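Asks: Under our numbering, the first residue of the sequence shown is numbered 2, with each subsequent residue one higher.
Any given hint could turn out to be false.
Said to hold, decoys possible - Listed next, the in silico DSS-like pairs over lysine-lysine satisfying Cα-Cα at most 25 angstroms (straight line):
hint	residue 1	residue 2
1	Lys80	Lys100
2	Lys162	Lys100
3	Lys131	Lys110
4	Lys100	Lys132
5	Lys100	Lys110
6	Lys151	Lys100
7	Lys129	Lys100
8	Lys131	Lys100
9	Lys162	Lys129
10	Lys129	Lys151
11	Lys162	Lys110
12	Lys132	Lys162
13	Lys79	Lys110
14	Lys132	Lys151
15	Lys131	Lys162
Quick caveat, the hints were computed from the structure, so don't treat them as lab data.
Owing to the predicted nature of the structure, the values given are computational and were not obtained by experimental measurement.
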Amino acid sequence: RALDLLVSFPEVDQERVGVMGSSQGGALTLLLSSLRPDLVKASSAGAPYLCSMMDAASLTRSYPYEEINDYLRVFPDKKDIVREVINYYDIHNFVDQIKCPIIVNIGLKDDVCPPETGYAVFDAIGSKQKKLYTYENCAHDSGGALGHGKIVMEFMSDNLK
């Protein structure tokens, strides 16, 4: 609904809407780009959260993914239903609908959003114009400390002319 409000203002050029975010903001960027391909013209998602969630829970002990493991330790017979419910919210299941140019950045030492899930969601993105930036010695900042923000700004500038 926020995007609908934004584009309702006469000052907003609906042909030049870009979205970007990192972590949960990266998840929301991917979701918005998936659900509103009619409006989103460029996207940048860093260290996207909520992607391949069951895999993430097996790859990291960081919370909040560890909450899934905590629950399954108490209720091990519920794994199939947990997977079924999580699939309704897993961003991985939406990104094939992304049509706009998109960049994704991940830190290869990220223990919050494991890089394996970043690779998986990137591979599933439907856009033919996509690029993945990996940062070998970065964790959840996913290259932010190394100046990835400049890449994002240049990408948005190039794609929202």
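Asks: Sort out whether Lys100 lies within 25 angstroms of Lys80, counting only the CA atoms.
Replies: Not satisfied, since the Cα-Cα distance of roughly 33 angstroms exceeds 25 angstroms.
Asks: Taken at face value, is the distance from the CA of Lys100 to the CA of Lys162 at most 25 angstroms?
Replies: holds, 17 angstroms
Asks: Please work out if Lys132 and Lys162 have their alpha carbons no farther apart than 25 angstroms.
Replies: Measuring from Cα to Cα gives roughly 19 angstroms; hence the hint holds.
Asks: Is Lys100 within 25 angstroms of Lys132, Cα to Cα?
Replies: It holds: about 13 angstroms lies between the C-alpha atoms, which stays within 25 angstroms.
Asks: Could you grab the alpha-carbon distance between Lys131 and Lys100 and see if it respects the 25 angstroms cut-off?
Replies: holds, 10 angstroms
Asks: Take the C-alpha atoms of Lys129 and Lys100, compute the straight-line distance between them, and say whether it is at most 25 angstroms.
Replies: holds, 7 angstroms
Asks: Taking only the CA atoms, is the gap from Lys129 to Lys151 under or equal to 25 angstroms?
Replies: holds, 23 angstroms
Asks: Check whether the Cα positions of Lys131 and Lys162 lie no farther apart than 25 angstroms.
Replies: holds, 18 angstroms
Asks: Is the hinted pair Lys100 and Lys110 satisfied, with a Cα-Cα distance of at most 25 angstroms?
Replies: This hinted pair is violated, its Cα atoms lying about 29 angstroms apart.
Asks: Next pair to validate is Lys79 with Lys110; report whether the Cα-Cα distance is within 25 angstroms.
Replies: Given pair Lys79, Lys110 is violated - Cα atoms ~30 angstroms apart, limit 25 angstroms.
Asks: Does Lys151 sit within 25 angstroms of Lys132, going by the straight-line distance between their CA atoms?
Replies: holds, 15 angstroms
Asks: Holds or violated: Lys162 and Lys110, Cα atoms, limit 25 angstroms.
Replies: Violated. Lys162 to Lys110 sits at ~35 angstroms, over the 25 angstroms cutoff.
Consistency with the previously given hints fails for numbers 1, 5, 11 and 13, ordered from lowest to highest.
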